Amino acid sequence: MQPQQPTAEKEIPLSLWGEVADFTLGCSHWTLKPQVSISALQELTVCFNIKFKIQASSPWTAFMYSHPEAQYTELGLGGKWGHLVVWLFGTEWTSPKITLHQSQWYSLCLTWTHTKDGPSLYLDGNLVDILAATTPSISSSCRKLAPNGTLTLGATHRLVNGDIEIIPFPNPVGKLSLFRLWGRERSKQEVTSLKCTEGDLVKWDRNNWDTRICAPLPDSNLTCEWSIYEVRLVFAIVRSDGNTTELYTARDIAHNWLRKVLPTSIYLHRVSVFEVTRSSKEDSLVKTSHEDSLVSTLEPDRDISHIAGVAYTLANTCGGLSFITELYFEVKVNVTITGDCDPRQILSTWLNSSLPSDMMMVLDLQLLPRAQRESCIFQVRVMKSLSDSQEMEEQIRYLLQMPYNDDSISIATEDIQISRILILQCNAETHQTRKGLFKWPDTLGGKNAIQPCPKNPLRYATRDCKLCLNTYWLDPDLEECHLVVETIPDLDHVEVTAENALDVVEMIESLLRNHSTLSYQELVTVLNKLEDIVNLSRVTPSMGQALINIISNILESDSNLLPFTNTILNITEAVGDMMVCYEGSSTLVAPAIAISVVDVVPGQFSSLTFGVSSDRAGTKPEIFINKYPFNSTVAFIALPSALQDKFPQNSSNQRPARVKFLFYGIPMLFKSSQKGMALNTFVVSASVTNASSLIKDLDEDVEVTLHHLIPNTDVQCVYWNFNKNNGNGGWDDYGCRKYNSSSDYTTCLCDHLTHFGVLLDVSRTPLDPANEQILTIITYVGCGVSSVFLGITVLTYTAFEKLRRDYPSQILINLSLALLGLNLVFLVNTWLSSWGLYGICVAVAATLHYFLLASFTWMGLEAVNMYFALVKVFNVYVPSYILKFCALGWGIPLVICILVLIVNREAYGSHLYTDVQHSLEPLDNSDNFCWLQDEVTFYVSVVAYAVLVFLFNIVVFVVVLIQIRHMRVNSPAGTRSGLMYNLKGVVSLTLLLGLTWTVGFFTWVPARIVLLYLFSGLNTLQGLFIFLFHCLMKENVRKQWRIHLCVGRFRLEEYSEWSNSASVGVTAKPKSNPPRAPVPSVCSVKSSSTDSTSASSDSSQRDSSCKRPNLGLFVNSLALPHAQRSPSGAGALQSQRGMNPTPGWRNHLLGQQEQK
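Take 1 as the starting number for the sequence shown in the working numbering and just add one per residue.
Just so you know, these hints were derived from the structure itself, not from any lab. Remember, it's a predicted structure, so these values are computed and weren't measured experimentally. Even glycine gets a Cβ: it sits at the ideal position worked out from N, Cα and C. Some clues are possibly wrong.
[To be verified] Restraint ranges, calculated between C-beta atoms of paired labels, are given here:
1) Y106 with P168: 49 to 59 angstroms
2) E506 with N427: 15 to 25 angstroms
3) E275 with Y520: 27 to 37 angstroms
4) Y739 with I625: 15 to 25 angstroms
[Claimed, not checked] The calculated BS3-like cross-link candidates involving lysine-lysine, where the alpha carbons are at most 30 angstroms apart (straight line), are:
5) K53 with K80
6) K33 with K195
7) K116 with K144
8) K116 with K80
9) K332 with K33
10) K53 with K144
11) K195 with K116
12) K646 with K724
13) K80 with K33
14) K802 with K884
15) K627 with K646
16) K144 with K447
17) K738 with K671
18) K627 with K144
19) K671 with K696
20) K144 with K260
21) K738 with K696
22) K80 with K144
23) K97 with K33
24) K53 with K33
25) K802 with K1039
26) K260 with K332
27) K738 with K724
28) K188 with K144
29) K144 with K439
30) K620 with K466
31) K439 with K188
32) K439 with K455
33) K724 with K696
34) K116 with K466
35) K195 with K144
36) K466 with K627
37) K97 with K80
38) K188 with K80
39) K332 with K466
40) K80 with K195
Use the sequences and the hints to build the structure in full.
Structural data, given as structure tokens:
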């Protein structure tokens, strides 16, 4: 072993060990020197000794650390009124009252790490309970100590224009010694047993402190148990075989050698060895140079100078030893390159030529994104004895500013930024991946670590430690390793810890990318891991976002989530409860889910609103707090001021009062426990973290407004009850009521906080868009077709006088007019509504209502007339029969519509007119159907009225069928008609009486889709069916068409057959019979289109030879037969003489006679 040129770095005279800062002799404070930089720390330890000159009950400050950009104290320790006080990130932590005596040394240590919510304070090695006197505005676990601040001992200070201004206390603190700062949290054991070790960031050294006029003073009462020192030396290992020596072997050699040469009073803690590159002629025989760093502990009775002597002994023992200072810098520089060249190549050449290779080495050169000129960043390692940081920075800057010219290429530099690198290594880290668990050791910056693959140990994974201002690990290279966690069930073998929680999250995200559907067991595994992660890790906003992304992926999958609804809700709630590292509020958004947490001050809380806007699918939620809802709002919650009574009381051991909002855009996650009900909105919830009591029975209601997924008004306000359905959860309406509802929105009022939704009566729910569009097309096409043929029917019966002589024809004309008006108003409804005028919309809705009721009324009057004609055949006479029918058919609907307008004019309109001033002013959006908007009015004036009419029509229909059946049974055998003939008659009766409308009352059954198609087809085409059965298939109508409309050979001349057929059997009876006064039937005597029948007061005198009507085609159905011909022929005619003519209803109803 041949050491290099020895020189000793002797810092012993600079040490302040054994000396104190005395703030009792007119000295106010010490200040940390500017060249001692404190980096951004996520953990730290501060220790010092203090002796009070005054009673500790007076206010005092031991030290204070501040930053120019912070409006508060970053770190400090002091006392007041007998309490120890710690300042951390603006929060004041106070201990119980402690008696601290004068003239007695006390050891105080303050530790903190970002993994904990607050600091720890030790007094003489004993942990002291401290509580936050004020609520932190942001959790200290999410903060870093601001770098490059100002530190003072013995006094409080503030920064004025970058200068330190001391805030003096009336009384000085006393004496202070051994102030040290470490960049890590020391354990309680370290604080107790190694309380005299030197700090690594701030040391008790003259080089660290500006003592001003307060020179340090020796104090014989100071004692030190152990002292830890670090010794660095460079040595070379020369091997006779010429091979190089691995670092691990070099470390073992150095450790064994040091153990032999060091005295027993020095304990060797750690030996670290790494390569040192040397380029000098005298090192030509050196095969490998190494730097050795040893950490030793000195016994308490040994003087500090003893370790210096040991170091010198080591140098002499090795034949020569060199203490070399090694500094690292990061340089960022903008360069202007003149000439055609490769920027990276020329910059590398320039740096190697500009910086001396014997003392400076460029470690990593990176080109930055190009703007107007080249910019690069690199790290420099400087090795030089007794080098000063500031001096080396100036030297590097000087070397880089020197002009560079190489033939046609020149380089000019500007904006050179040089920063010293204080973090030189990547700390040991355990990394859990899908390819196994890797334990990466401490690794110097710029080096890489190598670990065998867990599943295939013959291959290796590598990971680089990136050297920079914040030296950090790069992502590992695991290409050579095989997967260990190949499927989701493999996660069961992975244990979640606080250290690997983020790694497990990344593993779950990777696994879910390949799964569109998760099985039951896979869901159990994933959700169990998510629960462990939330419970064990620090849920920062980045961690929370990763968790929400996973839950969103699960919600959007095609998995059966119903057994896991409560679990998913609890995990999401826990993410919001456990979140840290945010200021005031934080929002996490993912497809189909969103979380917002808002910290509140209980005494200042008045109200709080939460709104969500999203697309129709709920996959793109946007959150807004304390803003009024707008058009695209799908969920909105307004919390009342009464909620502040439920906030947790402000105490130091509790998190601040927090309100949490959640939004779920996947309704399939929730299943209704009520049959026939389905969720018709997205789900939104509100809750209070650490509430002082269960939030229920609030004095003021929580207002929840939700947008309907399907426009409807038959809805119910509900909340998710976790305890229903044997703990699986279900919807419950307790404590919630519907306040206001339209077809698009519902506002609910609830007296508690939970997950809110709106249920819809599925039986009345419109169909999916595809079926809805098809039904809309069927409806409009059907109404258009019916309007055309109803118009033809009305024109036919109106134009031809012979067709409208009897009452049934006149009733048919009125029914056709009502249906024609209904169809036409329905067709123009949307167009008139688009005008955006409220008055027109009311008029259209009222007109549509009128024609609908008129149609129902004339269908009922058809049944009344049929009843009079076929059942009450005798002794019935109604004066002004048709006039009274018209008064009823057109008057009753008019009265109902007028009453609706008088009682509640707002019942007519569109759902968007609810909150609009009712005038003829244009509306913003009137693309809606004008109709009845009030449920009570609809059910009373439409549903109830239709039920009464159709119940009566059904009764009449049954009675008529029975009557026809009796007539068929009593008719001669040769006159009975076939099955199809009878079936046509039944169908025609059904359509005329409007019985097809009754299908609408059964559209809530499971076969509702089929029934809706049937309902739409039959009723919209009712006008077409009336034309078919009462015009096209009726013989006398066809004859009138041929007589008046046809030409040529198709034209039919009006001849006597019409008169004969109309007058058969109207001759008088023999005069030998006593004359009887004729009793008119309800039917018109004007009818001459069919055979007639006489009626007498004695029904027993009915001619037995008259053939009973058969069930036939409606227009030509139930034909009352001609009198049968007797063999003599004359007898048949004689039997009909003397009968009074009766109306033509039966022939109109039953059609033409059977042709024999």
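Original post:
Does the structure keep K439 and K188 at a Cα separation of 30 angstroms or less?
Top reply: 26 angstroms, holds
**OP:** For the range 15 to 25 angstroms, tell me whether the beta carbons of E506 and N427 fit it or not.
**Re:** Holds: the Cβ-Cβ distance is about 20 angstroms, inside 15 to 25 angstroms.
Subject >> 30 angstroms limit on alpha-carbon distance, applied to hinted pair K144 and K260 >> reply: 43 angstroms, violated
Subject >> Hinted pair K116 and K80, Cα distance within 30 angstroms >> reply: Holds, at roughly 25 angstroms.
Subject >> K116 paired with K466 [C-alpha distance capped at 30 angstroms] >> reply: 27 angstroms, holds
Original post:
For the pair Y106 and P168, does the Cβ-Cβ distance stay inside 49 to 59 angstroms?
Top reply: 23 angstroms Cβ-Cβ, so the 49 to 59 angstroms window is violated.
Original post:
When you check the alpha-carbon spacing of K738 and K696, does it fall within 30 angstroms?
Top reply: 18 angstroms, holds
Original post:
Is the hinted pair K195 and K144 satisfied, with a Cα-Cα distance of at most 30 angstroms?
Top reply: Holds, because 25 angstroms separates the two Cα atoms, which is no more than 30 angstroms.
Subject >> Straight-line alpha-carbon gap K627 to K646, limit 30 angstroms >> reply: Within the cut-off at roughly 23 angstroms; holds.
**OP:** Take the C-alpha atoms of K144 and K447, compute the straight-line distance between them, and say whether it is at most 30 angstroms.
**Re:** 27 angstroms, holds
**OP:** For the pair supplied as a hint, K80 and K144, confirm whether the alpha-carbon distance does not exceed 30 angstroms.
**Re:** Satisfied, since the Cα-Cα distance of roughly 27 angstroms is no more than 30 angstroms.
Original post:
Does the structure keep K97 and K33 at a Cα separation of 30 angstroms or less?
Top reply: 34 angstroms, violated
Of the numbered hints listed earlier, those contradicted by the structure are 1, 3, 10, 18, 20, 23, 26, 30, 36.
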